[in-house]
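Participant: Chain by chain, the residues:
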Amino acid sequence: SQQGEEDPQALSIQEGENATMNCSYKTSINNLQWYRQNSGRGLVHLILIRSNEREKHSGRLRVTLDTSKKSSSLLITASRAADTASYFCATVGNTPLVFGKGTRLSVIA
Amino acid sequence: DGGITQSPKYLFRKEGQNVTLSCEQNLNHDAMYWYRQDPGQGLRLIYYSQIVNDFQKGDIAEGYSVSREKKESFPLTVTSAQKNPTAFYLCASSIAGQGTEAFFGQGTRLTVV
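If you read the protein sequences in the order shown, they are chains A and B.
The numbering used here applies: residue 1151 is where the first sequence begins, and numbers increase by one.
The numbering used here applies: residue 2 is where the second sequence begins, and numbers increase by one.
Everything labelled a hint here was simulated from the structure, so no lab data went into it.
Watch out, some of these pointers could steer you wrong.
Chain A is faced by these chain B residues, among others (derived, beta-carbon under 8 Å) [claimed, not checked]:
{"#": "1", "residue": "G41"}
{"#": "2", "residue": "Q42"}
{"#": "3", "residue": "G43"}
{"#": "4", "residue": "G100"}
{"#": "5", "residue": "Q107"}
{"#": "6", "residue": "G108"}
The calculated lysine to any residue pairs, modelled on SDA-like cross-linking and capped at a C-alpha distance of 25 Å, are [as the list claims (entries may be wrong)]:
{"#": "7", "chain 1": "A", "residue 1": "K1251", "chain 2": "B", "residue 2": "T6"}
{"#": "8", "chain 1": "A", "residue 1": "K1176", "chain 2": "B", "residue 2": "A97"}
{"#": "9", "chain 1": "A", "residue 1": "K1219", "chain 2": "A", "residue 2": "T1177"}
{"#": "10", "chain 1": "A", "residue 1": "K1251", "chain 2": "B", "residue 2": "F89"}
{"#": "11", "chain 1": "A", "residue 1": "K1251", "chain 2": "B", "residue 2": "Q107"}
{"#": "12", "chain 1": "B", "residue 1": "K10", "chain 2": "A", "residue 2": "S1236"}
{"#": "13", "chain 1": "A", "residue 1": "K1176", "chain 2": "B", "residue 2": "D60"}
{"#": "14", "chain 1": "A", "residue 1": "K1251", "chain 2": "B", "residue 2": "G100"}
{"#": "15", "chain 1": "A", "residue 1": "K1251", "chain 2": "A", "residue 2": "S1221"}
Idealized CB from N, CA, C, for every residue including glycine.
Bound conformation, chain A alone:
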């Protein structure tokens, strides 16, 4: 079963704008992770946020976690054409990584 649901399914923005993607999940978690996938390639880990953390930063990435609402958001600031990819959230609880369906981000130069 897929735990996370990303929103929106697709997002198109201009270079330099910020991109925000949301993830909702259903059961309690130990941590939540965000991954990036370029078309036809494997996934690359971006950031991990633990259930007792509310916000985390890594470079141009900012992740928030609200366990009371069972939701997380990924913000990419000052987007670049090279950020064009699919982004997935994945939750870890009693089972291994459970992925959502992803958000397809297109950054137009």
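We have chain A; now place chain B onto it with these hints.
Facilitator: Just chain B now, kept in the frame of chain A:
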């Protein structure tokens, strides 16, 4: 150069045949995973293994089999019992069974002809 390697990158199979997808890692990770990705479906867990000689079914294990005889290797066999095997298959590994980041291979695209 450490990493996780999947082979082949593209695989064509005739209906009724079994095929085996290779996954090898030199990261000294205990846990390994197989996911299937279909368009618009995200990733779904097929099998995972947290230690050598042990593995567990994921959400969609029917029609698939695995082995874990060595720490470095976790091959996936797609059997003729899998009704719709055409998909993109991703292998991953991590340090521990849960809770740590996963490292992915570049995937194998399987097409039934």
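Participant: Now tell me, hint by hint, if it's right for this structure.
Facilitator: Hint check:
1. Given hint, G41 (chain B) at the interface with chain A, holds; its Cβ is 6 Å from that chain's nearest Cβ, closer than 8 Å.
2. Checking Q42 (chain B) against chain A by beta carbon gives a least distance of about 6 Å; that is within 8 Å, so the hint holds.
3. Contact between G43 (chain B) and chain A, as hinted, is supported at the beta carbon level, the nearest pair being about 4 Å apart and thus within 8 Å.
4. A cut of 8 Å between beta carbons decides the hint on G100 (chain B): the least distance to chain A is about 5 Å, and the hint holds.
5. A least Cβ separation of about 5 Å between Q107 (chain B) and chain A falls short of the 8 Å threshold, and the interface hint therefore holds.
6. For G108 (chain B), the shortest C-beta to C-beta distance to chain A is roughly 5 Å, which falls under 8 Å, so the interface hint holds.
7. Only pairs whose Cα atoms come within 25 Å are accepted, and K1251 (chain A) paired with T6 (chain B) is accepted, the gap being roughly 24 Å.
8. Taking the CA atoms of K1176 (chain A) and A97 (chain B), the gap is near 24 Å; set against the 25 Å cutoff, the hint holds.
9. Among the hinted pairs, K1219 (chain A) with T1177 (chain A) is consistent with the structure: their alpha-carbon atoms are about 11 Å apart, no more than 25 Å.
10. For the proposed pair K1251 (chain A) and F89 (chain B), the alpha carbon gap of about 14 Å is at most 25 Å, so the pair holds.
11. Distance check on the hinted pair: K1251 (chain A) and Q107 (chain B) sit about 18 Å apart at the alpha-carbon level, within 25 Å; holds.
12. Simply put, K10 (chain B) and S1236 (chain A) have alpha-carbon atoms about 20 Å apart, close enough for the 25 Å limit, and the pair holds.
13. Of the pairs offered as hints, the one joining K1176 (chain A) and D60 (chain B) holds, with about 16 Å between alpha carbons and a cut-off of 25 Å not exceeded.
14. Note on K1251 (chain A) and G100 (chain B): the hinted pairing holds, with a Cα-Cα distance of about 20 Å set against a maximum of 25 Å.
15. The hinted pair formed by K1251 (chain A) and S1221 (chain A) meets the criterion: a straight-line CA distance of about 15 Å does not exceed 25 Å.
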